[in-house]
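S.K.: Residues per chain, in single letters:
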Amino acid sequence: MPTPSRDWREFPQRYRLEAGACQACDFVAFPLRLVCPKCGGREFVPAKLAEAGRLLTYTIIRVPPEPFEDQAPYAVGIAELDDGVKLTAQVVDCDFDALAVGMRVRLEFRKLSEDGAAGVIHYGYKFVPE
Amino acid sequence: MRDVAIIGVGMTKWGELWDKSLRTIFTETALLAIDDAGVDRIDSMVVGCMSSGLFTGQEHLASLLADYLGRTPVPAARVESACSSGGLALRQGFIEVASGMSDIVLVGGVEKMTDVTGCEATYALGTAADQDYEGFHGLTFPGLYAMMAVAHMHRYGTTREQLALVAVKNHDNGSRNPLAQFPFKITVDGVLSSVLVADPLRILDCSPITDGAAAVILCPAEMAGKLKKPAVRITGSGQATDTIALSSRQDLTWLESTHIASQKALAMAGRKIGDIDLFEVHDCFTIAEIMVTEALGLVEKGAGGRAVEEGLTARDGRFPVNPSGGLKAKGHPVGATGVAQAVEIVKQLRGEAGDRQIKGAKRGLAQNMGGTGGSSVVHVFETE
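Protein chains in written order, with my numbering: chain A, 11 to 140; chain B, 801 to 1184.
Derived by calculation from the structure, the hints in this document are not laboratory data.
Once the Cα atoms are required to be at most 16 Å apart in a straight line, the calculated EDC-like pairs of lysine to aspartate or glutamate come out as:
id, chain 1, residue 1, chain 2, residue 2
1, A, K58, A, D36
2, B, K1162, B, E1152
3, A, K96, A, D36
4, A, K96, B, D932
5, B, K1029, B, E1152
6, A, K96, B, D1051
Work out the full structure: start from the sequences and follow the hints.
M.R.: Okay, structure coming up:
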């Protein structure tokens, strides 16, 4: 089981949706990076992710990894947010039959998983239908 | 750079090998390759293995395998690039011989996957994805490829039946490969009624958990002529990387790393894709083979589903893909897969492929891929 520091250092991204905007071009890095993959720039200014977007693809996980065993089946998807950033998260509060490419979703703060009965509880963002 | 030849190949029956350890599986296979080449020495070893640590708790693998092969103190290196570890091992061995650093190099690939539970194996394989931004959200490998499938179906109209036909074709080929884990045929109805893993992918769209190894012996082409087996030359080698997080890709339906690696390998060989007689590609899931045929340029973007439906990639088609049975039927011990692709192509080019022989094959191409395409390795093989 990893130490809590592994979770803690991701809080800015997972709890507050903090990203970095490249000063030299329009790329928004999420998670934060030291080098812009688009232009090679190394200067970023803090930015916050757009909180809504459009689903590009999705699936329903029927055979889960261990930390998610009690949640299966559950939907996950990749959405393109309104600022152009693409990210992966679960899609919740949505019937599986209603999932569709192009559907509007917004990000909500939710519980994701637990490290066993006495370990860290992991929180982060999930998609819900807008 | 020196020309490089493969002068020996080895592979044993793949499957759930409960009675055999990691070191035994590797050593049996390496001995077959050494005996096939008829060499009395090796100068160096390169071994592809994705995760002996997570699958068996064993690291420091290259030295262990050199020891059990009775070859200490030869230099031995283990390389890792997820499911393309085997292809990368072949490339490193190729570079070592081409550069003049070593003459006779043993390249092996191995994975022992059944010493852990299915759940733990799923976790180990999942480490090839972005742990903090994909795995953290409950993604699995079938889940990632399922999302590529949904995007491909939405954009290009690829059908559920076309996906199934990839598995049916590869099992038909695998039914002629006695070393395959699943040497039997399946039907489209069988695929479509198998259990869902990650919609729309079902269990018969997925390559299995497998124990297995494969090995080849490389040497300078000029030295190969003096040995007992007909030599197959490696005329092209290409490798490329891409983001390992699927969400960071420009296009969820396109494998850029495979495209670039294949262009590099073909350029080195001085060949075009149409010059190649057979292909061993990374069909870890049915959608993967469809996308790989597009990235290699066998068909236009989006036409991979129709290609399998029309028989283009069948054993008797214009571009035979995965005559060995592919990862789907032959099995997928992840670190061994890239080396086993080379073994199959050498057997085909020597005319030793039995019931699945592609008649008159002179040139083959192997494409091995890590994760969802975060790495790709492509080699071109030729015989006179």
